[in-house]
Structure formats: C-alpha cells, structure tokens
Amino acid sequence: MVDSKLGIFGLLSDAGPVVLFVLSILLSFSIVSWAIMAYKFTYVRKSLSESRAFLDYFFEIYNVDKAFVESEKYRKGSLPRVFRSGYVEYHALGDKVDIRQLKARIARAVKREANAESKRLSSLVPFLATVGNTAPFIGLFGTVWGIMTSFHNIGKAQSASLAAVAPGISEALIATAAGLAAAIPAVMAYNYFTHQISIIERDLEEFSPEFVAAFINEP
Amino acid sequence: MEKGQKPGYAEKNFSLWLVAAALTHALVIFLAIYLQILDANRIVKPKIVTVSIVSLPGSGGSYEVSEKGGKEAAPAPSSEAPPHPAESKNSVTVKAAIPEVAAVTPKKETKPVKVKEKVPEPAPVPPKKVAVKPLPEKVKPKAVEKPADIAKALERLKQNVDKKAASPPQPSAGSLNNALSRLQQKVKSEGNPASTGTGSEKGSGSGGRSGAGKGYGGGGPTASYQAEIASIIMQNWEFSKLLLKNSYGMEVYVRINILANGTINKIVFDKKAPSEYLNNSVKKALEKSSPLPLIPKEEGKGDIWIGFVFTPEGIEK
Numbered sequence: 000m001v002d003s004k005l006g007i008f009g010l011l012s013d014a015g016p017v018v019l020f021v022l023s024i025l026l027s028f029s030i031v032s033w034a035i036m037a038y039k040f041t042y043v044r045k046s047l048s049e050s051r052a053f054l055d056y057f058f059e060i061y062n063v064d065k066a067f068v069e070s071e072k073y074r075k076g077s078l079p080r081v082f083r084s085g086y087v088e089y090h091a092l093g094d095k096v097d098i099r100q101l102k103a104r105i106a107r108a109v110k111r112e113a114n115a116e117s118k119r120l121s122s123l124v125p126f127l128a129t130v131g132n133t134a135p136f137i138g139l140f141g142t143v144w145g146i147m148t149s150f151h152n153i154g155k156a157q158s159a160s161l162a163a164v165a166p167g168i169s170e171a172l173i174a175t176a177a178g179l180a181a182a183i184p185a186v187m188a189y190n191y192f193t194h195q196i197s198i199i200e201r202d203l204e205e206f207s208p209e210f211v212a213a214f215i216n217e218p
Numbered sequence: 000m001e002k003g004q005k006p007g008y009a010e011k012n013f014s015l016w017l018v019a020a021a022l023t024h025a026l027v028i029f030l031a032i033y034l035q036i037l038d039a040n041r042i043v044k045p046k047i048v049t050v051s052i053v054s055l056p057g058s059g060g061s062y063e064v065s066e067k068g069g070k071e072a073a074p075a076p077s078s079e080a081p082p083h084p085a086e087s088k089n090s091v092t093v094k095a096a097i098p099e100v101a102a103v104t105p106k107k108e109t110k111p112v113k114v115k116e117k118v119p120e121p122a123p124v125p126p127k128k129v130a131v132k133p134l135p136e137k138v139k140p141k142a143v144e145k146p147a148d149i150a151k152a153l154e155r156l157k158q159n160v161d162k163k164a165a166s167p168p169q170p171s172a173g174s175l176n177n178a179l180s181r182l183q184q185k186v187k188s189e190g191n192p193a194s195t196g197t198g199s200e201k202g203s204g205s206g207g208r209s210g211a212g213k214g215y216g217g218g219g220p221t222a223s224y225q226a227e228i229a230s231i232i233m234q235n236w237e238f239s240k241l242l243l244k245n246s247y248g249m250e251v252y253v254r255i256n257i258l259a260n261g262t263i264n265k266i267v268f269d270k271k272a273p274s275e276y277l278n279n280s281v282k283k284a285l286e287k288s289s290p291l292p293l294i295p296k297e298e299g300k301g302d303i304w305i306g307f308v309f310t311p312e313g314i315e316k
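Chains A and B, in that order, give the protein sequences.
The first sequence lines up with residues 0 to 218 when you count with numbering that gives the first Met the number 0.
The second sequence lines up with residues 0 to 316 when you count with numbering that gives the first Met the number 0.
These are calculated hints, taken from the structure and not from any lab test.
In this text, a Cβ means the ideal position worked out from N, Cα and C, and glycines have one as well.
Errors might be hidden in some of the hints.
If you want the ones that stay clear, here's a sample from chain A, every Cβ over 10 Å from chain B, calculated [as the list claims (entries may be wrong)]:
#1 30
#2 49
#3 65
#4 91
#5 117
#6 154
To give an idea of the chain A side of the interface with chain B (calculated C-beta under 10 Å), a few residues [claimed, not checked]:
#7 33
#8 35
#9 37
#10 42
#11 123
#12 124
Restricting the straight-line Cα-Cα distance to at most 27 Å, the calculated cross-link-like pairs of lysine-lysine (DSS-like) are [to be verified]:
#13 B:11 with B:185
#14 B:270 with B:287
#15 A:75 with A:45
#16 A:72 with B:11
#17 B:11 with A:45
#18 A:118 with A:45
#19 A:75 with B:11
#20 A:75 with A:65
#21 B:283 with B:185
#22 A:75 with A:102
#23 B:11 with A:118
#24 B:283 with B:270
All chains, full assembly: derive it from the sequences and hints.
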C-alpha cells in the first residue's frame, strides 16, 4: 500500500482542491506543449531538410517541369510546396494571358502559398510562448493559495512549530515547481522553433521571386 | 486537393503526439512515485560498528569493551566487583552503584528493565552485583538473539542476588536511610563534620563532640545538614566507576555555596580529577540537587559553604 505521506504522492494527496486544480491545468499545459514540441520538431526539421534538397536540385537543373516532378518527392518541404503552387498556376493560365499578367498571377499564387506555409509553420508555436509565460504564474497562484490555506490551518491549530508550518508550505510549493517544469521546456522550445521558422520564412521570401522568374523565363 | 488533405493529416499527426505526450507524462509520474516507494521500502540496515574501546572525555576514563569476548570479558567486571563491598564500607558506594546500571547499559532495553525489576526486592547492597552482571550482556550485542543465554544469565543473576541478600547481616531498610545513617555514624565517629570540605567554617566551629547535635551526638547542625545534602547529591549522582580505567588520583574537591533558601549559588572546584567524566558527573549531580533543603536555623540566616570530596566510590568524608 502506498504511504499517504510519501513524497510526491503524499504532497498531492494532502493538497487542497485549488492546488489540485492548478496542478491539473499545469499538467495539461505540459502535455500539450510537449506534444506541440514533438510535432513541430519533426515538422520543421523535415521542412528544412526537404527545402534544402529541393533547392539544390532546382538550381542544378533549372527546369520547371523536372523540378515539379522532383518536388513531388518533397511533399513536406515548404519551398517545394510554394514552387508547386506557382507551377500549378502557370499551367492553369497557359497562353491565355500575356506575360505581365502571367507574372503577376504566378507571383500572387506563390505569395499566397508562402503565407500559408508560414502560417502552417508557426501554428501552435504561440501556445508554447503562452505556457512559458503563464505557467510559472499559475503555479505561483497555486502556491500562494496553498500557503494561504496552510497559514489558516496553522492559525486554527494554534501552533507555529515547524512540524505544523512545513507540510502546508511544502504542499503549496509543488505548484510552483510544476509551473516551472511546464514553462522551462516550453520557453526553450519556443525560442528554438521561432529561430527555425524564421530561417524557413527567409528562404521563402528569397526564393519566391526566383521561382516566378523561372516560370516566366521557361523556354 | 492537397490543401484539403494536409490539415487532416496534420491533425491526426498532432493527435498522435498528444497521446504520446500524455502517456509519457503518465509514465514519468508513475516512475516518480514508484521510485519513491521503492526508495522508502528499501530497508537500510545500520552498519554494525565494532567498538573495541570506549573512551570517555578526559585522560582518566576509558573502558575496554571486547565484542567477541562477551563471555571472556565477563570475568573482568565480576572480578572487579568483589572489591567493592570490601573497599567501600559505607552505603554511599551502594548508591553509586545504582546509576551504573543506567550508565553502563543504555543500549539494551530489555536487560536493564529486567534487572531493575529484580533490584528493589533485596537489600541495597545486591544491586552492586546486579550492576556488574549485565555488563557482559551489554558488551555482547548478539545476546538478544539467544534467549537461552539470557535465561541462564538471569538465573545466575537471581542466584547471586539471593546469595548476597542472605549473606550480609545488614538491615534491608531503604537505601536512602541506610546511606544517611551510615554517613551520620561516620560523622559522629570523626567528630569533625567539616573535615571533608574546604568551607563550612560554621559547621566546624559549632559542632564539637559536645556540640548540641540533634541526636547525632557530636555532629552539630552542619554535620546533619551536610549528611542530608550528601545523600541528596549521591542520589542525583550518575556515575559508573567501571567506566574509569584507573581510579588513581580520581578525586574532586568541590565546595558549594548554599543560600538560605537551599539554592546552590556557586560550585567551586578546588581540585579536579583527571577524568572529565567524573568532573562533569559531579557538576551535574550538584546542579541537579539544587535546591537543597533549607539551611538549619542554627546556621544563621546567611549562606554557607560546604565542601565535598568526590571519589569514584562516592562522597568521601
């Protein structure tokens, strides 16, 4: 049988409802933020590697048709996606419009896809920032509440001995610890992802005109 | 078409990660609790330390304890034991022997209790024997695991106690009264109650052989008062002679300043023993004895100084 006064379990079993509520919020924050971290890590990493590989191929052959065929291999890369959207627009218009209109339509399509890709990349990441910013405060709230309750109970017990004071404060402090445990990885992950996403966005900005030019100058 | 498929795929992918994260959190929490339970259930056996020599603070006090030779060590204390009644004729030494039980056998919980139960029945002299006997049991830590040995030892103890109780013709009155009467006899025979102390000027002045002693003959009020407080101090003195390696030079000359209300005002060590254990035990006994009974009216209203000489055998006259 588990001893009710044993470590974390003992602290949780003795904690008040508010502290438990705070802890459950922090736990859910932590679960979601770790899921985002794992999901985004694979997504961003794949996007970066596929974009690099596609760019290498594109500048090597400089042929839009071949590049389009090659881009089908890189379905998770941001740059191949943008290229594909431009290529689809280019083929949809065909010879119906003049070259100025064609350029404008392709540029618009590429920009739209770049924006969509940027949104896709940065989706869910702000949640990490939210967790990083708010989790310590939520934890602090739980601690303050716990200490408040603890002091109230101490007053009722009319004893200020360490044995009476310490358990309540210890229970309360677990909320701050949980808040920090949720916030620290979230902040670190947020900084990492914003940096990686900014790299991809910069690539999108730089190479979108290159793609448009490639379609226009298609022999 | 591609745009329509992507969000669904991404959502599914994210849901998988969400489940994985939840499972990981559950696993981490489970592990944290499990490891704590595991850690709490781990029985940490205290390391058995073999103590070959027990040294006491001070140069004079050390008593050798051999773990292996629990039985071999037994003769040593018992051989030491007989001299006690011989060399200490007054019952004060008997009183000193009683604290030995407490001082020597603090680790054993079962033994001293049983011994204490046996002690009160016989005369005050037998406890000295009793105090000596448990030593082998204390020295040998595995004695608890052998109930047969314990039973045997107890039998032996009983026999010794019975023998002792039968042989001495001394009365089996309360040890306190015995000690008091013997002290008083001693005082009476010497006729100079203040001879032991450096103080008690009044005692020596007023109390002569012809002095107005209240039933003591030659004691005088200071003598009887001194005897009374000596017995009180002896009662509070927790000291074991066995813990001293040798008793050479083990004398503590101490005088105390007693206020009219019986409070010990000052404790002055005129001469200390080489063993701090003895010195400290004397100091503690004096501190514990305060307040003493009120100073007799014959001594006046002021405070008085009374001196004692403490030896491992007790308070010397």
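Item to check | Non-conforming hints, listed in increasing numerical order | outcome: The structure conflicts with hints 1, 12 and 13, although it agrees with all the remaining ones.
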